[in-house]
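Assemble the whole structure, with the sequences as input and the hints as a guide.
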Amino acid sequence: MTIDRDLYVAFRTVFAATVSRTWANDDFIPANDSDGGDGIKPDPPYLTGLTVNSDISVGIDERQPSADISGNPTEIQVGQRTSLLSVNAFGFQAADWLAEFNSKIQLPAVEARMTTQGITVRRLGGLRNLSTRLDTGIEHRYQQDYEIDYRVVSDTETQVELLHVQQNLEHDPATPDAWPYQVTVDL
Amino acid sequence: MSTLGQEPVTRRRYAAETRDANGYATRGASTDTAIMATGPQPATGRDLQLLPEGERVKTAIKLYTDSAVLRTVDRATKLPADEVIVASDQFAGTYKVMAIQGQRAILPHYKAICVEVDES
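Protein chains in written order, with the working numbering: chain X, 5 to 191; chain F, -19 to 100.
Be aware that one or more of the hints could be misleading.
[Claimed, not checked] Calculated pairs, DSS-like style, for lysine-lysine (alpha carbon to alpha carbon, straight line, at most 30 Å):
hint : chain 1 : residue 1 : chain 2 : residue 2
1    : F       : K58       : F       : K38
2    : F       : K58       : F       : K91
3    : F       : K91       : X       : K108
4    : X       : K45       : X       : K108
5    : F       : K91       : F       : K42
6    : X       : K108      : F       : K38
7    : X       : K45       : F       : K91
8    : F       : K58       : X       : K108
Source of the hints: derived by calculation from the structure; they are not laboratory data.
Model, not experiment: these values are computed from the prediction.
Okay, here's the thing in structure tokens:
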């Protein structure tokens, strides 16, 4: 599994659950996968999805130490990422699927599905009509881009344990002018 | 009456692709069969013009058969193209059938244009 594939699958899952229809497996397919075969295209209407770019940092990643510092303290790197997923719709009806999804994208149920998949989906621009004349007819094709935000968490790494330093300021009544420091280092 | 210079060639035929719930394709099972065809010959420039643009820069061969024993990709039935395996000589490798021309005059035969399969 690659991040490109994970993002496509997460988006497809949210999309398919949101648009009101019964989906066949080849109604929404990855644009760049054929398992070494011919990648035979389905009959329209159908959608293709392609993660155009990914792993774009949003802000600066942070190091998060584990709460437990006494036993085996660990540390992870956590960051926010965004990506661009392009969906192409072949056929008029497939364009309607995109429009329906766009009209529901902020509804609570859709946001809940995004949360389950670990993504946030935002529209980027509008629905573009890329229909064109081919040698044997006209291809009805539409495109919509989506920005998909997601979170990345690194593998856990053992954290170097901090030294336990205790510093006491003592006062002896016998020598009232002296305020010696007592420093203890717990290894 | 058959075409001269025929020899056994391995044809690899795949069952139809299937797609899982995420739309990913799984290639169908393959079956190898020995067919009779002329030894592979280099495709000419005119042969290459039959191919889609991205396929013209690959190694291409042509084979002649007496009957329609090879097939190209068929979108209607979702059946993938046959592959031809050339065991030895300078054309050794696996080739996908990209175009077939049937000739009916005098000596009926079929010409198959095949391009080398990418290692992927």
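To see whether the hints hold, each was checked on the structure:
no.	hint	result
1	K58/F <-> K38/F	holds (24 Å)
2	K58/F <-> K91/F	holds (22 Å)
3	K91/F <-> K108/X	violated (54 Å)
4	K45/X <-> K108/X	holds (28 Å)
5	K91/F <-> K42/F	holds (7 Å)
6	K108/X <-> K38/F	violated (46 Å)
7	K45/X <-> K91/F	holds (26 Å)
8	K58/F <-> K108/X	violated (34 Å)
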